[in-house]
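Undergrad: Next come the chains, spelled out residue by residue.
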Amino acid sequence: MTSPVVDIRFEDVRLAWPSKAGQPTVALDRMRCAITAGKVTAIIGPSGCGKSTMLQLARGFLDPSAGEIRFVDRRSGQSAPRPPMATVWQGFNLFPWLTVLDNVAFGLEMGGMAKAERHERAREALAKVDLKGFESKYPRQLSGGMRQRVGIARALVMKPEVLLLDEPFGALDAQTRLVLQEQVAGIVEETGATVLLITHSIEEAILLADTIFVMTARPGRIAREIEVTMPKPRTLADLKRPEAAALFEEIYDLLRDEVIRAMTNEGGTQ
Amino acid sequence: MAGETDLAGSAPSAATTAAANSRRWTLRAALDDQRLIGWGFLLALLAVWEFVVIQARISPLYLPRPTGVVAVLWQNIREGGLSTDLGFTLYRIFAGFFIALVTGVLLGVWMAVSKPVKAMADILIAALYPLPKVTLIPLLVIWLGTGGPFMLTISFMGAFFPIVINTVVGVQQCEQGLVLAARDLGANLRQIVLRVLIPSAVPSIFAGIRIGLGISIILVVAAEMVVAKDGLGARLFVAGQLLDTELVFAVLLVLAVLGILITKGQDLIDARLGLWRTS
Numbered sequence: 431m432t433s434p435v436v437d438i439r440f441e442d443v444r445l446a447w448p449s450k451a452g453q454p455t456v457a458l459d460r461m462r463c464a465i466t467a468g469k470v471t472a473i474i475g476p477s478g479c480g481k482s483t484m485l486q487l488a489r490g491f492l493d494p495s496a497g498e499i500r501f502v503d504r505r506s507g508q509s510a511p512r513p514p515m516a517t518v519w520q521g522f523n524l525f526p527w528l529t530v531l532d533n534v535a536f537g538l539e540m541g542g543m544a545k546a547e548r549h550e551r552a553r554e555a556l557a558k559v560d561l562k563g564f565e566s567k568y569p570r571q572l573s574g575g576m577r578q579r580v581g582i583a584r585a586l587v588m589k590p591e592v593l594l595l596d597e598p599f600g601a602l603d604a605q606t607r608l609v610l611q612e613q614v615a616g617i618v619e620e621t622g623a624t625v626l627l628i629t630h631s632i633e634e635a636i637l638l639a640d641t642i643f644v645m646t647a648r649p650g651r652i653a654r655e656i657e658v659t660m661p662k663p664r665t666l667a668d669l670k671r672p673e674a675a676a677l678f679e680e681i682y683d684l685l686r687d688e689v690i691r692a693m694t695n696e697g698g699t700q
Numbered sequence: 333m334a335g336e337t338d339l340a341g342s343a344p345s346a347a348t349t350a351a352a353n354s355r356r357w358t359l360r361a362a363l364d365d366q367r368l369i370g371w372g373f374l375l376a377l378l379a380v381w382e383f384v385v386i387q388a389r390i391s392p393l394y395l396p397r398p399t400g401v402v403a404v405l406w407q408n409i410r411e412g413g414l415s416t417d418l419g420f421t422l423y424r425i426f427a428g429f430f431i432a433l434v435t436g437v438l439l440g441v442w443m444a445v446s447k448p449v450k451a452m453a454d455i456l457i458a459a460l461y462p463l464p465k466v467t468l469i470p471l472l473v474i475w476l477g478t479g480g481p482f483m484l485t486i487s488f489m490g491a492f493f494p495i496v497i498n499t500v501v502g503v504q505q506c507e508q509g510l511v512l513a514a515r516d517l518g519a520n521l522r523q524i525v526l527r528v529l530i531p532s533a534v535p536s537i538f539a540g541i542r543i544g545l546g547i548s549i550i551l552v553v554a555a556e557m558v559v560a561k562d563g564l565g566a567r568l569f570v571a572g573q574l575l576d577t578e579l580v581f582a583v584l585l586v587l588a589v590l591g592i593l594i595t596k597g598q599d600l601i602d603a604r605l606g607l608w609r610t611s
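First to last, the protein sequences are chains A and B.
Here the first sequence stands for residues 431 to 700, numbered as in this note's numbering.
Here the second sequence stands for residues 333 to 611, numbered as in this note's numbering.
Everything labelled a hint here was simulated from the structure, so no lab data went into it.
From the three backbone atoms N, C-alpha and C, an ideal C-beta is built for every residue, glycine too.
Check the hints yourself; a few may be wrong.
To be verified - Pairwise CB distance ranges (calculated):
{"#": "1", "chain 1": "A", "residue 1": "Ala546", "chain 2": "B", "residue 2": "Ala376", "range": "55 to 61 angstroms"}
{"#": "2", "chain 1": "B", "residue 1": "Asp364", "chain 2": "A", "residue 2": "Tyr682", "range": "57 to 63 angstroms"}
{"#": "3", "chain 1": "B", "residue 1": "Val434", "chain 2": "A", "residue 2": "Gly563", "range": "48 to 54 angstroms"}
Unchecked claim - Just a sample of chain B residues kept apart from chain A, beta carbon distances all over 10 angstroms, derived:
{"#": "4", "residue": "Ala379"}
{"#": "5", "residue": "Ile390"}
{"#": "6", "residue": "Leu471"}
{"#": "7", "residue": "Gly518"}
{"#": "8", "residue": "Ser532"}
{"#": "9", "residue": "Leu587"}
{"#": "10", "residue": "Ala603"}
With the rest of the complex left out, here is chain A (with noise of 0.2 angstroms):
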């Protein structure tokens, strides 16, 4: 694909809603950030400082109580529209009547595709994740990290312009997830796409991310902006060089201060 030219910029985005206490609850205040085109770019925080709001605000399905989401054409500066989008789920919210074959074609069949040609391209994005075979089964009859390959696989096929990823790897277990990193890894490279990665992980971050945003505790917002300037594709042994133990270290101390403090706001209220 054409490499992506589109910047998401969170321009002051504040999002609250009401509450039954009269104080409104704040997920996000002043928050400003830009989301670089082509770039994988985590967000990493506490959770509850609203880091999943911050890609839903991305993907249009919320809007902000204040400031603005602006998508902006890195050549010309100026605005553009909202580039396609696709998302991964931390739940993979994978059709359970569909079989695998039909969940991946699943947005080419709403766009209007021909059967043919959707199963086509179904194939090769499931070839891509390596589950080739697994076309005809049900969600129900694969395992964990198989079914996030299908959530993969369905917004690959989409070919996005930016790829949403929530919390991808957050419902596998410890062994899944580190080959699911590697191997996602290796994808996103591949197709060059924006990436906005929510993550709670810390080592998930620097394997993946160009940059990483660490957020503080609610109402979330910025709290540091940090390059990862190792080569790409990373596996899990360049999280053993000094400079990936350096950023580990780095983010760490940010966010166990905003742990602590969200926890002691938690028990503050309550």
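Since chain A is already given, all that's left is putting chain B on it; use the hints.
TA: Okay, now just chain B, sitting in the frame of chain A:
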């Protein structure tokens, strides 16, 4: 097998124990088979019935013998037009039921996705659902007469409410993540309804079908007994009036078999729906 014969040659006592063991084993297996137990019990019951009626010389007017009932049933199927009656009854049940299925699912989905529609329909359903539908027979006869439209309506009313209510529940229980995933993949509202909400509600809709079809059968047969000139209910009623006890039993037998077939058919479909349940 070869091993056993060898054993029998060399050590007769061991062989007999083995044989006894295997016999006991088959007996136990037979006792474990639920279907065999069920059918065996039914046959035994019928045999006792037959035997008691013969021994006690009970008049067939009160209690006919099972074999007599089967004979009358067979004769009525061949010459008495019982299969025509069965056809009428089935047509009435299923015609009304299918109308209820289509309209019930459509209204149920509409209620589940639109709050005003739900508010309006809820109040009507709350009023009509608990009402025993047989009580509507007189009113429906006044409005529609006793012909086809009446029968369709009565069968429709039996199935409609359970199907609507279960469809609403099924659609509302649809995992929100699936709707988001469909939106993410570019589905529009119509596609979300048809390709996500309805499929995910299928197990619940099917539970409604189970209940609804049962009520439709009851209503149609009851209505036939009251107003119809043909159909199983009418045949049953006339046979009762003429004290044709054997025919009464024969019609009941047909209804019972019909019930079994429908229930088993639903069980088969239900098993296939396992697909939906575990995700």
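Undergrad: Tell me, which hint numbers fail for this structure?
TA: Failing hints, ascending: 3, 7, 8.
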